[in-house]
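K.L.:
The chain contents come next:
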Amino acid sequence: MDTKLKRIVVPVQGARTDEEALALACNLAKKDKSEIVLLYVIEVRRNLPIDAELSDEIQKGEQVLDSVQRFADKLGCRVQTDLLQAREAGPAIVNECIERDAQLVVMGVPYHEKYGEYCVAPRAQYVLEHATCRVILAREPLPEMAVMRNTV
Amino acid sequence: MQDPIDKPGSSDRGNGSNGQGSPNGTHGAFSADGKELNLELTRQEKHRGVRAGDTYVRVVRPHGHLFKNVAPGILRATEEATEPLTPSLQALAKVRRILIGEPLPNAAEITERLSKVKALAIFASDAMSSVAYATEEILLVLVVAGVNGGLNYAVPISLAIALLLGVVAFSYRQTVYAYPNGGGSYVVSKENIGLVAGLVAAAALLLDYVLTVSVSIAAGTAAITSAFPELQPIAVPIALGFIASMVIGNLRGIRESGNIFAVPTYVFIGSLALLIGVGLWRLLTGQPPVEAPVQHPLGNEPLSVWLLLTAFSAGSVAASGTEAIANGVPAFKPPESKNAARTLVVMAVVLAAFFLGISFLSHQYQIVPGEGETVVSQLARAVFGTNPLYYLVQFATMLILVLAANTSFNGFPRLAWILAKDGFLPHQFSHRGDRLAFSNGIIILGAVAGALIVVFGGDTHLLIPLYAVGVFLAFTLSQVGMVMHWRKVRTAGWQRSATINGFGAALTCIALIIAATTKFTRGAWIIVVAIPLLVALFVLIHRHYLAVREQLRLDKAPAEATPLRQIVIVPLGELNRASQRALAFARGLSAQVYAVSVQEDPQNAKTLACALREIDPDVKLIVLESPYRAVIEPLLNYIDALHQQDPEAFVTVVLPEFLTPHWWQRLLHNGTAAQLNRALKPHPNVAVVNVPYGLPR
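For the record, the sequence lines run as chains A and B. This note's numbering applies: residue 445 is where the first sequence begins, and numbers increase by one. This note's numbering applies: residue 18 is where the second sequence begins, and numbers increase by one.
These are calculated hints, taken from the structure and not from any lab test. Only a predicted model underlies this, so the values are computations on that prediction, with no experimental measurement involved. Certain hints may be false.
As the list claims (entries may be wrong) - Once the Cα atoms are required to be at most 35 Å apart in a straight line, the calculated DSBU-like pairs of lysine-lysine come out as:
#1 A:Lys-518 - B:Lys-637
#2 A:Lys-504 - B:Lys-505
#3 B:Lys-355 - A:Lys-518
As the list claims (entries may be wrong) - Which residues of chain B face chain A? A few of them, derived with a C-beta cut under 10 Å, are:
#4 Val-67
#5 Arg-75
#6 Pro-79
#7 His-80
#8 Gly-81
#9 Leu-83
#10 Arg-299
#11 Leu-469
#12 Arg-582
For each residue, glycine too, the CB sits at the ideal point set by N, CA and C.
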């Protein structure tokens, strides 16, 4: 089985886990000198056309990509950036990975609870289920409350 | 398999199907074939996913490496977009990067700020260096009355100077809080006394900064050539080398120069603290000097008040450099004023402690200044003996003397920047370089100080008397300004602050008068002449900027911009691809285009007229026969003559120009287009448009 990583996709969303995921991807990319693609997906509401000009959202996406790219520069890691518009982020990430022939997706996942139980965010869930390449989820450390609950 | 639905370029962001246009209308430009130009350099590509209905859009930025889309209608140039385009300039940029480092964006300004530790090293090196010679200056004056007990007054005079230093530091501490944007004496004097007082203070400080660099670098070089006399013939190149390295160090940015220059400053602080500490301990424990000081002869002049005042004035150089922190408040990390004030207090305390310590120990060890050895050197021998610790003190002293110049490299560009912002110095001084340092100020300071060293042959002792006058003039104006400031603001406790500043002003004024009188014939007159000249220069520059602003100012209710009537002229030598392109361009500007040809030979004119009639019969050809073979002047005179007929019209000269791929090929052509361009540039009613035609080989 070919385990060489030519391209790693790192979806970002302006969350606190973005940098952690990127740092992990940069470490993994060192060995094979892999290309890293930062991906930001704008979710377009159903009442708008898919190619609607969403200036504010695009601006926010550019800012997130710019900020993560600067973090990558600090790590000494060269990255490409990609901005997509889609109805849902999950399918867009999966499709873009196929389009770009990525061998790995590294996603930062914030800790999230629903009805008192941990649950994976829908976009991460979708990517885990449908991505044709490998997927690594980098979940942030447990918040203090959850740590206390787990240890009691 | 996925297929892009729209190929690149087929769907522009500006054509978003929701009908929203760009708010600032930047999509409204069209290319020649009527296609809308994408001014935001972004387009959309529709892609189909693996599942039905998985359509998504990729926002493509083909020039994303050059421009970042910040907001609609706003693009931010990346570092790559600022790189030069020609190989020679690229090579030059590489050299510059090796020397001064990678360019920093404006956003990095906050990270370039100084911590208190680095700021102390940068801003205090000038003041600290004066410890190395201030006591000696006092003793050199008092020694002439040595037989009559003159040297006994060294410690009381040092105490008075320490008091003066405290008052000056207190005053600048108030300035730091009152004027957090920096500016020191200039801003305080300008805002509270008046513009002329501010400019006088600025001129005095600028001169002081230049002199500090020249004198301290020359002193450092002298220390090296004293140790290695064989280097004496190359003293000037060594000094210039020091200045060049300081210029480069400071062009690398204030934070990095702090890293480079902090270590020697702290080595000096450490070694002097050790010297004073060990010296006091030996005195307290009643131990004799390790090496008895050399007994130089004492003078037999009578001890007079004038002599004591002269000694006070001479020793007051210890206070020079105190103003640097007040000038550079914006260089500190936030909270800027608080950090600057704390650094100032630490500097004043350390400075006063060292100065008093050296004066006290010199008195206790009965050190007398003489030829061949400094007071600090004699003291170090007395305390340590001639051992590695002695050499450490000497080496650190040499370093701090050189590094005193570094304070000026931070003070001068900042003050020049403030003056340039106010329109009293050329605006070029407000330019920040690749590393966010005020590059032009740094380079000019280095150049002027270097020129002084060359002119004085590396021996700048003659410049030392010039120092004190400028420094005390700035101090006095600043403190008078603070007194007026307190009277104006009348905050709680203002009377106390005003009294202290008033007392400081009186002390520094006395020091100024003494310095000016005792040193006038020894060179201080130069400053007395130079300051008014510089002030006059500031005023001249300011008048020019005011006049330009006045002439360019828009009326409050500007008239609607009406299109200018223009006469379009295309100078033609012969008809070729380049001139045909220029004619086509000119036709785009106006329906009526005049081709003007300056010809030596009437036969050529006929050929040209025939050829022109074939390709564009609507263009009217005017032939200027030139039997004296001149090309430029007849054309200029013809344009003038046309313009005189219709002074309201604007003459647009469209110049055909071909570009050769190699620089050496350019040498083989007349370059008439470039000559015409230069000749027409000063003409206020002529616009020159160069229409280039690139030759492939």
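K.L.:
Which hint numbers doesn't this structure obey?
P.N.:
1, 2, 6, 7, 9, 10, 11, 12
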